[in-house]
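Number of protein chains: 2
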Amino acid sequence: MDNFSFYNPTRIEFGKDKEQQIGAILAEHGIKKVLLTYGSERIKRDGLFATVSQSLAAHGISLVECGGIVSNPLLSKVREAIAQARDHQVDAVLSVGGGSVLDSSKAIAAGTRYEGDVWDLFIGKGEIASALPIFAILTLAATGSEMNAGAVVTNEVTKEKFAINSVHTFPRLSIVNPALMQTVSRDYLVYSAADIIAHAIEGYFTASMQPRLQSRLVESVIATVLETTEALLADPLDYDARAEFAWAATLALNGITYAGTSGFGYPNHMMEHSLSALFNVPHGAGLSVIMPAWMKWYQEHNPAQFTRFAQQLFGVATVQEGIAALEAWFDKIGTPTRLSQLGITAQQLPAIVDNVLGNARWFGLADTYDREVVSRILRLAL
Amino acid sequence: MDNFSFYNPTRIEFGKDKEQQIGAILAEHGIKKVLLTYGSERIKRDGLFATVSQSLAAHGISLVECGGIVSNPLLSKVREAIAQARDHQVDAVLSVGGGSVLDSSKAIAAGTRYEGDVWDLFIGKGEIASALPIFAILTLAATGSEMNAGAVVTNEVTKEKFAINSVHTFPRLSIVNPALMQTVSRDYLVYSAADIIAHAIEGYFTASMQPRLQSRLVESVIATVLETTEALLADPLDYDARAEFAWAATLALNGITYAGTSGFGYPNHMMEHSLSALFNVPHGAGLSVIMPAWMKWYQEHNPAQFTRFAQQLFGVATVQEGIAALEAWFDKIGTPTRLSQLGITAQQLPAIVDNVLGNARWFGLADTYDREVVSRILRLAL
Numbered sequence: 001m002d003n004f005s006f007y008n009p010t011r012i013e014f015g016k017d018k019e020q021q022i023g024a025i026l027a028e029h030g031i032k033k034v035l036l037t038y039g040s041e042r043i044k045r046d047g048l049f050a051t052v053s054q055s056l057a058a059h060g061i062s063l064v065e066c067g068g069i070v071s072n073p074l075l076s077k078v079r080e081a082i083a084q085a086r087d088h089q090v091d092a093v094l095s096v097g098g099g100s101v102l103d104s105s106k107a108i109a110a111g112t113r114y115e116g117d118v119w120d121l122f123i124g125k126g127e128i129a130s131a132l133p134i135f136a137i138l139t140l141a142a143t144g145s146e147m148n149a150g151a152v153v154t155n156e157v158t159k160e161k162f163a164i165n166s167v168h169t170f171p172r173l174s175i176v177n178p179a180l181m182q183t184v185s186r187d188y189l190v191y192s193a194a195d196i197i198a199h200a201i202e203g204y205f206t207a208s209m210q211p212r213l214q215s216r217l218v219e220s221v222i223a224t225v226l227e228t229t230e231a232l233l234a235d236p237l238d239y240d241a242r243a244e245f246a247w248a249a250t251l252a253l254n255g256i257t258y259a260g261t262s263g264f265g266y267p268n269h270m271m272e273h274s275l276s277a278l279f280n281v282p283h284g285a286g287l288s289v290i291m292p293a294w295m296k297w298y299q300e301h302n303p304a305q306f307t308r309f310a311q312q313l314f315g316v317a318t319v320q321e322g323i324a325a326l327e328a329w330f331d332k333i334g335t336p337t338r339l340s341q342l343g344i345t346a347q348q349l350p351a352i353v354d355n356v357l358g359n360a361r362w363f364g365l366a367d368t369y370d371r372e373v374v375s376r377i378l379r380l381a382l
Numbered sequence: 001m002d003n004f005s006f007y008n009p010t011r012i013e014f015g016k017d018k019e020q021q022i023g024a025i026l027a028e029h030g031i032k033k034v035l036l037t038y039g040s041e042r043i044k045r046d047g048l049f050a051t052v053s054q055s056l057a058a059h060g061i062s063l064v065e066c067g068g069i070v071s072n073p074l075l076s077k078v079r080e081a082i083a084q085a086r087d088h089q090v091d092a093v094l095s096v097g098g099g100s101v102l103d104s105s106k107a108i109a110a111g112t113r114y115e116g117d118v119w120d121l122f123i124g125k126g127e128i129a130s131a132l133p134i135f136a137i138l139t140l141a142a143t144g145s146e147m148n149a150g151a152v153v154t155n156e157v158t159k160e161k162f163a164i165n166s167v168h169t170f171p172r173l174s175i176v177n178p179a180l181m182q183t184v185s186r187d188y189l190v191y192s193a194a195d196i197i198a199h200a201i202e203g204y205f206t207a208s209m210q211p212r213l214q215s216r217l218v219e220s221v222i223a224t225v226l227e228t229t230e231a232l233l234a235d236p237l238d239y240d241a242r243a244e245f246a247w248a249a250t251l252a253l254n255g256i257t258y259a260g261t262s263g264f265g266y267p268n269h270m271m272e273h274s275l276s277a278l279f280n281v282p283h284g285a286g287l288s289v290i291m292p293a294w295m296k297w298y299q300e301h302n303p304a305q306f307t308r309f310a311q312q313l314f315g316v317a318t319v320q321e322g323i324a325a326l327e328a329w330f331d332k333i334g335t336p337t338r339l340s341q342l343g344i345t346a347q348q349l350p351a352i353v354d355n356v357l358g359n360a361r362w363f364g365l366a367d368t369y370d371r372e373v374v375s376r377i378l379r380l381a382l
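Line by line, the protein sequences are chains L and G.
Start counting the first sequence at 1; every next residue gets the next number (full-length UniProt numbering).
Start counting the second sequence at 1; every next residue gets the next number (full-length UniProt numbering).
Accuracy of the hints is not assured; some may be wrong.
Identical chains blur together in the list; that is why a pair holds if it fits in one copy or across any two.
[Claimed, not checked] Derived pair list, reagent style SDA-like, types lysine to any residue, alpha-carbon separation capped at 25 angstroms:
hint, residue 1, residue 2
1, K32, S53
2, K332, D17
3, K33, G265
4, K125, S40
5, K33, S340
6, K32, Y114
7, K32, T345
8, K332, E227
9, K332, S55
10, K44, V184
11, K16, V167
12, K16, L342
13, K16, F4
14, K16, F264
15, K125, A223
16, K332, R212
17, K33, R308
18, K332, D235
19, K16, S55
20, K16, S208
21, K296, E13
22, K16, T51
23, K33, A325
If you're looking for bench data, these hints aren't it; they were derived computationally from the structure.
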């Protein structure tokens, strides 16, 4: 096993009605005024905004609204929110939404305490020395952002989708109530399933050393996603399936499944980020297209682990059968597996390749993923 | 899934040579003087004490020695160490040893900041409102104490083996270097295996609700223990097996495998604590005796989970075969499965039952575990 450091101080409050405690929780942390970040106005229609604002008011906490955060969240919006946070001198950010809102909130929290432009923190021009405290109420389970320090934002001018990660951007506390996720659309449910599986497999297949204990933990997460996605497609109100799906999403990216493995990269994410940045493809939909193609190319680098994957998760014998089983499962649940399903044609490949090569440097994968390799993988996804 | 709170702020530094960083780590935390707790003088013979004291000295940190902590650690020693900590005005406790040293260190850290007698904190007469910062260098993997807030100490006068648990008694940081565990005796290796399995199964079998995700995580831990124990018996210098064994021990009791399950108890621990308290039996040896007996009695309360256990971990079909397989595995690795192997006879059962019934109140299990039930289980272990 490789040497590692593990540290994850985020407190999770998981379960029914937990969002009603938000005012008390913020008061415990001495918070008086929050920037309340969110996406669409849906949280106002479905009552969540009312629940949260009443809970805050009951504890004398004021809020500044910052709505309109979109999926594949944008740098321009983050900059605007930082100005708002400074103007109103908020002392915390409260994210009410999914991974995009929470990722933006982390960037806002760090950017507010940084003197220069927040994008500096994404491109290595500046360092995150502190951040406003971050709190979250999660409404979509997929990205794992609720229990890690990472945040991904798209610079819409340069078409770069880059990340930050710092000990200061762990949420202090995240509320995960699976019941709040019951209204997630069928599309976003299956994209989320693909996203969680993508988080799980990157280290599983690409780590220079993958102990069996960690393989088992990853397989526990994936098996749960396979099972609960099907249960939720059959019955979106199945609370227990929703809860296991949500906790699997958190565990896939909170550090536990890959502590002790190292030397791994995020090649699927690297390539998908280009699809999102260029075509505003939903992240999970892009991943379900990239993954089978990438696997077909990558499998010869780690045949033992691909055989294990095939056997443990799909009960089939060979590498090829395992990859085919995952692709068939994506087809079955209705998340795309071909670029054509995203409206992307062979003519657009060169532009995607250029963008991926730009990402490759930041992902530390430029040595392996050159023009020829990236082109070959993308052609497998046509 | 049941509602839950998860919070575990302990930083883990895992891997080779990590103990050399202890001085720098303590300095980072502003520590100037530590109470260095340890067990036998072995750490002086094998060079660990020299490594640690040199690292501390290099960072201007002084130490007060507190050695001689025994397994099934004693209240009298904890009280003595609290007096030492106060006299020398240390500002942290540094535990260098296994679970007994670390559990004692937690009690010392909490007791030093508590005005009354430390045992009050174990019997609910006082509350842990703060504790000295706790740091650990682990030399034996078994108890999981390195990444949780619990501590078990034996009151040798009242023959009570009780626990504390508080947000203040999480270690700030634990160093887990599997190479430091290569000299653990064969006996303590197999007792540790039993201990880890016991931690894993308590919730797995007794939770009022056990989601499949959590079952899979528990099975990942147990499968790893089964595999790596055998590897280590064959070759104690197998670093990777030692590392997986150690990380499995941590994961078994850091909250991850049982978050979302509730209503569970620690009946095997409740009964074993009496064996340790009365006969000073090694904790893991007591557990490997209690578990098969308890399973034979308890299995009818949760046949589905016992069937799962049999199939997933031992590849056998029935509840009875699963329990027999675990017992046979304990026999195979050489940890006891019968009270007689611990030198305990039928004549001593009444005294054990009395002690267990005393524990039952503190374990919250008095309703189920009455005299008749406890006697029946213990007779199954004769």
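Now for the hints, and whether the structure bears them out:
1. Taking the shortest alpha-carbon separations for K32 and S53, only the intra-copy value of 13 angstroms comes in at or below 25 angstroms, while the best inter-copy value is 46 angstroms.
2. In this assembly of identical chains, K332 and D17 lie within 25 angstroms of each other by CA distance neither inside one copy nor across copies; the values are 33 angstroms within and 49 angstroms between.
3. Proximity of K33 to G265 under the C-alpha cut-off of 25 angstroms is found in neither arrangement, the shortest distances being 39 angstroms within a copy and 41 angstroms between copies.
4. Within a single copy, K125 and S40 get their C-alpha atoms no closer than 32 angstroms, and across copies no closer than 51 angstroms, so neither meets the 25 angstroms cut-off.
5. Neither within a single protomer nor between protomers do K33 and S340 lie at most 25 angstroms apart by alpha-carbon distance, with minima of 47 angstroms and 65 angstroms respectively.
6. Taking identical chains as interchangeable, the C-alpha atoms of K32 and Y114 lie at most 25 angstroms apart only when both belong to the same chain, with a minimum of 21 angstroms there against 32 angstroms between chains.
7. In this homomeric assembly, K32 and T345 never come within 25 angstroms of each other (Cα to Cα): the closest approach is 51 angstroms inside a single copy and 64 angstroms across copies.
8. Taking the shortest alpha-carbon separations for K332 and E227, only the intra-copy value of 13 angstroms comes in at or below 25 angstroms, while the best inter-copy value is 36 angstroms.
9. Taking the shortest alpha-carbon separations for K332 and S55, neither the intra-copy value of 42 angstroms nor the inter-copy value of 58 angstroms comes in at or below 25 angstroms.
10. Proximity of K44 and V184 under a CA criterion of 25 angstroms is satisfied intra-copy only: 15 angstroms inside one chain copy versus 60 angstroms between copies.
11. In the homo-oligomer, the alpha carbons of K16 and V167 lie at most 25 angstroms apart only across protomers (23 angstroms), although the nearest pairing inside one protomer, at 29 angstroms, exceeds that limit.
12. Proximity of K16 and L342 under a CA criterion of 25 angstroms is satisfied in neither setting, with 36 angstroms inside one chain copy and 47 angstroms between copies.
13. Taking the shortest Cα distances, K16 and F4 sit within 25 angstroms of each other only across copies (10 angstroms), while inside one copy they are farther apart (35 angstroms).
14. In this assembly of identical chains, K16 and F264 lie within 25 angstroms of each other by CA distance solely across copies; the values are 20 angstroms between and 36 angstroms within a copy.
15. Proximity of K125 and A223 under a CA criterion of 25 angstroms is satisfied in neither setting, with 40 angstroms inside one chain copy and 46 angstroms between copies.
16. For a Cα distance limit of 25 angstroms, the shortest separation of K332 from R212 across copies, 23 angstroms, qualifies, whereas the shortest one inside one copy, 29 angstroms, does not.
17. In the homo-oligomer, the alpha carbons of K33 and R308 never lie at most 25 angstroms apart, since the shortest distance is 51 angstroms inside one protomer and 50 angstroms across protomers.
18. Taking identical chains as interchangeable, the C-alpha atoms of K332 and D235 lie at most 25 angstroms apart only when both belong to the same chain, with a minimum of 16 angstroms there against 47 angstroms between chains.
19. Taking identical chains as interchangeable, the C-alpha atoms of K16 and S55 lie at most 25 angstroms apart only when both belong to the same chain, with a minimum of 16 angstroms there against 48 angstroms between chains.
20. Taking identical chains as interchangeable, the C-alpha atoms of K16 and S208 lie at most 25 angstroms apart only when they sit on different chains, with a minimum of 17 angstroms there against 40 angstroms within one chain.
21. In the homo-oligomer, the alpha carbons of K296 and E13 never lie at most 25 angstroms apart, since the shortest distance is 39 angstroms inside one protomer and 36 angstroms across protomers.
22. Taking the closest pair of Cα atoms, K16 and T51 come within 25 angstroms of each other only inside a single copy of the chain (13 angstroms); across copies the shortest separation is 50 angstroms, beyond that limit.
23. Proximity of K33 and A325 under a CA criterion of 25 angstroms is satisfied in neither setting, with 50 angstroms inside one chain copy and 59 angstroms between copies.
Hint compliance for this structure: hints 2, 3, 4, 5, 7, 9, 12, 15, 17, 21, 23 are broken, all remaining hints hold.
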